[in-house]
Amino acid sequence: MTPTQSPQPSSAFGLRWESDLFGPVPAWAVTPNIATIEALSRQHLSADDLSVKFLTGGAFNKVYLITGSSDTIKDQKSCIFRATLPVEPFYKTASEVATLRLLRQCTSLPVPEVFAYDCTTENELGFEWIIMEKIPGVCLGEVWHDLSLERKTIVVERLGQFSKELRGQCRFDAIGSLYQHAELNEADSKVAVATDNNGFVIGPIVNSFIFAGKRKPLIERDRGPYLSDRAYLLALMKVELEDKKLLLELTSRKRAAGVQKAHSNDGDSESDEDDLAADVPEIEETIQQLQQILPSLFSTGMQEKGFVLRHHDLNRSNVMVDPTTLEITGIVDWECITTVPAWEDTYPQMLQGEDMEEQPEPLEPGDTDEFRLERWEKWENTKLRKIFDQAAGPGANNDKDGWDKRSFREQLNLLELSTKMVKNWIIEYEKRQREPEREPERDQSLSQSESEIQSEGQSEGQSETRATPERDQSESQSESEQGCCSTQSSVSELSESSLISLKG
Numbered sequence: 259m260t261p262t263q264s265p266q267p268s269s270a271f272g273l274r275w276e277s278d279l280f281g282p283v284p285a286w287a288v289t290p291n292i293a294t295i296e297a298l299s300r301q302h303l304s305a306d307d308l309s310v311k312f313l314t315g316g317a318f319n320k321v322y323l324i325t326g327s328s329d330t331i332k333d334q335k336s337c338i339f340r341a342t343l344p345v346e347p348f349y350k351t352a353s354e355v356a357t358l359r360l361l362r363q364c365t366s367l368p369v370p371e372v373f374a375y376d377c378t379t380e381n382e383l384g385f386e387w388i389i390m391e392k393i394p395g396v397c398l399g400e401v402w403h404d405l406s407l408e409r410k411t412i413v414v415e416r417l418g419q420f421s422k423e424l425r426g427q428c429r430f431d432a433i434g435s436l437y438q439h440a441e442l443n444e445a446d447s448k449v450a451v452a453t454d455n456n457g458f459v460i461g462p463i464v465n466s467f468i469f470a471g472k473r474k475p476l477i478e479r480d481r482g483p484y485l486s487d488r489a490y491l492l493a494l495m496k497v498e499l500e501d502k503k504l505l506l507e508l509t510s511r512k513r514a515a516g517v518q519k520a521h522s523n524d525g526d527s528e529s530d531e532d533d534l535a536a537d538v539p540e541i542e543e544t545i546q547q548l549q550q551i552l553p554s555l556f557s558t559g560m561q562e563k564g565f566v567l568r569h570h571d572l573n574r575s576n577v578m579v580d581p582t583t584l585e586i587t588g589i590v591d592w593e594c595i596t597t598v599p600a601w602e603d604t605y606p607q608m609l610q611g612e613d614m615e616e617q618p619e620p621l622e623p624g625d626t627d628e629f630r631l632e633r634w635e636k637w638e639n640t641k642l643r644k645i646f647d648q649a650a651g652p653g654a655n656n657d658k659d660g661w662d663k664r665s666f667r668e669q670l671n672l673l674e675l676s677t678k679m680v681k682n683w684i685i686e687y688e689k690r691q692r693e694p695e696r697e698p699e700r701d702q703s704l705s706q707s708e709s710e711i712q713s714e715g716q717s718e719g720q721s722e723t724r725a726t727p728e729r730d731q732s733e734s735q736s737e738s739e740q741g742c743c744s745t746q747s748s749v750s751e752l753s754e755s756s757l758i759s760l761k762g
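Numbering-wise, the sequence shown is residues 259 to 762 according to the numbering used here.
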């Protein structure tokens with residue numbers, strides 16, 4: 259598709275970018291005014307008798323609880339007001355609203371109803387916002403560890419049924435994000451891909467690999483929609499190359515202005531940038547090597563109805579349940595959700611991990627030994643993945659070709675962290691191509707990648723290990739928008755959402 263340029267606000271009000279181990283992290287430079295939030299809520303809910311209080315915050319959002327009575331929310335006792343940082347102006351909010359509305363229209367998935375929203379910052383608050391239904395129940399993470407395997411099976415089986423429904427009802431002709439067609443500007447409308455659902459289209463992708471960091475909005479980005487997975491991956495590599503090209507240019511300007519190189523390992527983002535700039539030639543060379551093997555894995559042809567809508571951050575914080583019956587009352591946090599190739603449609607994040615077929619020693623009540631708990635959870639998840647497969651039907655989980663494609667995608671996530679790891683993967687992949695009888699090991703979770711990172715860091719120091727350009731930040735700092743289970747997501751989706759959509 260023709261590259262499109264994001265609309266750039268005159269200033270990114272309220273947003274600053276910080277760095278952590280896994281890349282750029284958005285932070286609030288300005289706190290939303292709660293009195294303004296209350297006024298907006300009264301206006302759009304047609305209610306005088308309501309109150310607003312801060313509930314929780316995640317990577318992109320601050321969430322507020324609205325309580326009171328209103329004709330709009332009818333028998334609801336409360337709803338949610340969510341203010342969002344301008345990480346991808348207009349597109350992030352617009353696509354989330356469209357995704358929720360399509361799901362409510364075309365599936366039985368329990369997702370929040372949207373009552374009102376503003377995709378712009380041209381309002382009293384100065385931030386984009388959404389008012390949505392507050393889902394009843396508790397987040398699954400609050401009760402999970404107290405459940406027997408049999409009761410966990412009930413929840414996982416239902417999640418598998420939802421996945422099967424998405425695979426059947428939400429298939430599309432392109433990779434990108436969902437939008438209500440009437441909301442797109444003329445340029446985006448021209449490249450949008452129609453869907454079978456009247457009024458909805460696939461448009462520019464909202465993915466943190468493409469928008470995360472202070473440099474990304476300054477470069478030209480092909481944000482789709484993409485008619486093939488090959489075009490999608492080429493666009494990601496192009497973004498990475500352009501980002502590093504700009505980094506070198508900015509670093510050169512600093513040196514010309516007499517700014518000295520910052521010292522490493524001082525926790526300063528400037529030193530991180532200087533270290534990364536020194537590695538740009540190696541990163542560029544590695545991307546070229548990945549581009550050379552791309553044609554052996556990905557075709558150029560159109561993939562009609564070959565893409566599905568997938569919640570890449572389906573962890574226990576984002577599944578709401580009735581604590582007594584375990585009925586799933588809602589699935590939340592649909593921001594940055596996109597259509598994906600079938601090979602990315604794998605297990606929910608909460609079920610990913612290594613296989614463990616042999617049952618470990620049963621846990622005693624109150625057992626807190628981390629090693630025993632970890633082994634038991636691995637064994638349980640192995641059982642639960644089989645339950646999920648039975649309910650969801652055939653998917654990408656056990657497909658060799660899908661394993662290779664997901665593994666290729668993971669390498670883009672690892673480029674800034676360790677080019678050595680990526681090059682080792684390329685060598686292994688090319689060796690397997692020459693020896694086709696060799697089978698890749700079963701797809702593992704990020705725990706394996708983490709162990710490789712740790713061992714490499716021990717042998718080579720810190721020069722080879724730094725932040726990846728972006729995990730889906732909604733994953734890296736996931737807190738349930740419904741105000742419970744504010745636990746940080748694991749690093750388990752470096753293979754998908756964590757820089758596109760490892761929080762995909």
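Since the hints were derived computationally from the structure, they do not count as laboratory data. One or more of the hints may lead you astray.
Capping the alpha-carbon separation at 35 Å, the derived lysine-lysine pairs in DSBU-like fashion look like this [what the hints assert, rightly or not]:
| id | residue 1 | residue 2 |
| --- | --- | --- |
| 1 | Lys663 | Lys636 |
| 2 | Lys422 | Lys641 |
| 3 | Lys563 | Lys681 |
| 4 | Lys512 | Lys311 |
| 5 | Lys636 | Lys512 |
| 6 | Lys472 | Lys681 |
| 7 | Lys512 | Lys658 |
| 8 | Lys410 | Lys448 |
| 9 | Lys663 | Lys448 |
| 10 | Lys512 | Lys563 |
| 11 | Lys689 | Lys658 |
| 12 | Lys644 | Lys689 |
| 13 | Lys636 | Lys681 |
| 14 | Lys311 | Lys410 |
| 15 | Lys563 | Lys311 |
| 16 | Lys496 | Lys472 |
| 17 | Lys472 | Lys503 |
Each hint, compared with the structure:
With a C-alpha separation of about 24 Å, the suggested pairing of Lys663 with Lys636 holds against the 35 Å cut-off. A hinted pair counts as satisfied when its Cα atoms are at most 35 Å apart, and Lys422 with Lys641 qualifies at roughly 19 Å. Pair hint Lys563 plus Lys681 holds up; C-alpha atoms about 33 Å apart against a cutoff of 35 Å. With a C-alpha separation of about 44 Å, the suggested pairing of Lys512 with Lys311 is violated against the 35 Å cut-off.
Among the hinted pairs, Lys636 with Lys512 is inconsistent with the structure: their alpha-carbon atoms are about 49 Å apart, more than 35 Å. A C-alpha spacing of about 28 Å is found between Lys472 and Lys681, which places the hinted pair at or below 35 Å, so the restraint holds. Distance restraint check for Lys512 and Lys658: the Cα-Cα separation of roughly 47 Å exceeds the 35 Å cut-off, and the hinted pair is therefore not satisfied. Between the alpha carbons of Lys410 and Lys448 the distance comes to roughly 46 Å, so the proposed pair goes past 35 Å and is violated.
This hinted pair checks out: Lys663 and Lys448 have alpha carbons roughly 30 Å apart, not beyond 35 Å. For the hint pairing Lys512 with Lys563, the CA-to-CA distance comes to about 48 Å; that exceeds 35 Å, so the pair is violated. For the suggested pair Lys689 and Lys658, the alpha carbons sit about 16 Å apart, so the restraint of at most 35 Å is met. For the hint pairing Lys644 with Lys689, the CA-to-CA distance comes to about 31 Å; that is within 35 Å, so the pair holds.
In summary, the hint linking Lys636 to Lys681 is supported, as the alpha carbons are separated by about 29 Å, within the 35 Å threshold. A distance of roughly 33 Å separates the Cα atoms of Lys311 and Lys410; the hinted pair therefore holds under the 35 Å criterion. For a cut-off of 35 Å, the pair hint linking Lys563 to Lys311 is broken: about 44 Å separates their Cα positions. The hinted pair formed by Lys496 and Lys472 meets the criterion: a straight-line CA distance of about 17 Å does not exceed 35 Å.
A hinted pair counts as satisfied when its Cα atoms are at most 35 Å apart, and Lys472 with Lys503 qualifies at roughly 14 Å.
In this structure, the earlier hints numbered 4, 5, 7, 8, 10, 15 are contradicted, and the remaining ones agree with it.
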